[in-house]
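Enquirer: One-letter residues, chain by chain:
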Amino acid sequence: MDDKIRYIQSLTESLKDFPFEFEAQSNDIYFNQLKALADSKFSLEANTLKSKPTPRRGQLWLIKSTYEDYFTNGVESVVPIIVLIVEANESLESELFSRVQPVSPFTEFLAGDDYVVNDPSLIGFPFLIETWNEQPVLNEILDYSLGSFDIDQYISFKGNVDLTEQKADFRKLEVDNTAFLRHSILSYLKFLEERQTEDTGVIISINQQVVKPAFFADEIKYDSHYAYAAKTGIDNSNKYFELEEKLASGNIKIRIKRNVEDFILSVYSDIEFVLKSNDNKVLAGTKAEGRMIFAMLTPGLYYLESASTKSLIKIRIK
Amino acid sequence: MNRFNINYINDLLNGKLSLEGYNHILSVVGYYTKLNQWSVSVIMPEKNRDSRWEKEDYEELAQQYFEWLLVKGKLNYIHKVPDSYRSYYFLQLLMSFISDKIAEYQKTTGVSYSAIKRIALEILEDRFRKEEREEKVFWSGGDVVIEDAMAAPDLDECIRSLPRVAITGKIKHLKPHVKNCLLSIFEVYQFPIEQETLIKSVYKLFDQSQFHTSEFQSHNSNVELETESGNNYKSQIDSLVLNLSAIDCQIFLSYLFVNDPPSLDLLASKFKLPKSTLHAKITSFKKKIAAIYIPVNQDDGVLFLKNVHDALDKIANQ
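As you go down the protein sequences, you meet chains Y and B in turn. Going from the first sequence to our numbering is simple: count from 1 and add 76. Going from the second sequence to our numbering is simple: count from 1 and add 1056.
These are calculated hints, taken from the structure and not from any lab test. Because the structure is a prediction, the values reported are computed rather than measured. There may be inaccurate statements among the hints.
[Unchecked claim] Computed list of lysine-lysine pairs in DSSO-like fashion (alpha-carbon distance at most 27 angstroms, straight line):
(1) B:K1235 x Y:K128
(2) Y:K92 x B:K1235
(3) Y:K248 x B:K1235
[Stated by the list, open to error] Residues of chain B placed beyond 10 angstroms of chain Y at every Cβ, according to the derived structure:
(4) A1171
(5) E1191
(6) A1324
(7) A1347
The beta-carbon is built from N, C-alpha and C at its ideal position, and this holds for glycine as well.
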């Protein structure tokens, strides 16, 4: 592998234990020289608003550094990623996604029919648009827009440049490093395939485990084979998803029932829980017959938190 | 992944770098130096390839890196780089800077044995036949391999007629050349070759002769020399010392016009200048001498340098 590719790859490797303790003194020549080097030459006032407009083709977006996938697993990107939106707001069972091409400051790896934007005033540096690394992402992992540009106007065409072995290695590395993007939608597709019924799925993360609660219809528990064929919310039978677990300080039973348009979550436990939405808002519930009921929940990710036991239960409903 | 703390980078750009921030920047630079096994001679050409990194070498690397950022205009639009991307941006640029330095270093010193060895082993593992005998590794290639070691001719003799690869600034990637060397060797030598002997033979096929010429030697052999008989070199020397300060002249006199030049470390502390600045001054003056005057013969060269010495001495003592 080419040296430069190796160095770039080293940026994504897990931290190794190299003890480096530097203790420069205030009269250190290098310290004072470096300090004077950039002395107030730069304005660091960011003029990019962290706005979140409706995604559109031609926009550059920064991707969230972490997100929770459809199976409630926390996923973290090894590197920050900026993408160019090439197709926006496609829908798959009401979940919005966009097709994006990552951008990279390593313009020297330009090859084939790649595009380069040489104007550093757009996002601070010239960049390569990775046309060969296009992939879908769920809109929910787009963090904020870096502005709308007529990107075609800025592209400097470089003609057809040979794809050397070094450039091919760079592409491979970039495809690997951006798996974080496509994982959002791959996890969603897997969820759709594996959900308990034909139109509804519930995943609960509890006690460090991801569990699919059992599906019940009129108090009868169905295994996944039969459950897959069942539709929820169409006939009049009483259908719900249920999970019972032991926590360190007591038991909990979680029941999720689907209405035509929304869901009702019931929590049976002696432990006090609050329910929070994905954007960290506390949702009001009502107490009834030894349970807490949270009604009119829309599909999404929810957190059941207990202040006393410090346990966190994540619930994905779709 | 070890990252620059963006607060310290911002402090640096604002001219408010603290000692703590400086030590942090050095520790990150040191971390990637160690991780990628960069040779100290890339930064300090007067050091041996295998020399150990000292604290001030890391300081020198950091200094040169930030100077490079400024010279290359990489910070002109730094305010446009998203906050959460900035730390990674600086690391990417560190890799670009080092790759540039290594390419520059290779252009003046040829290629290292360790680089050839690393690449050769990569290729050998990939496509040649490996065999272990008496704790030694042997490699063979091609369809016909003669196993009778007694019949093996002298390897050096066999490869003597093979063409050499001239290392020039145009060569950016060694791998294809190393691969060709291996193929050529196995084409003319159909016996298994012990690993270390094989790699040494590959290394020998790289013609590094152009890197052993004196720095003062003119690169343009077609220049028609002007006879300077009776000339006291006034116009050349005036142009050479134009805008030089007394300190500059003292530096050149202490380093270039003595039999046993002091180390750059000593000189740096004597003149209270960072080694990078000192190194840049000396290199640029040497280049200027080489460009400004081409001696007709050795005596002419000695006489010219004596005149340069006198001119420097005059300014240094003003």
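Enquirer: Which numbered conditions among the earlier hints are violated in the structure presented, ordered from lowest to highest?
Expert: 1, 2, 4, 6
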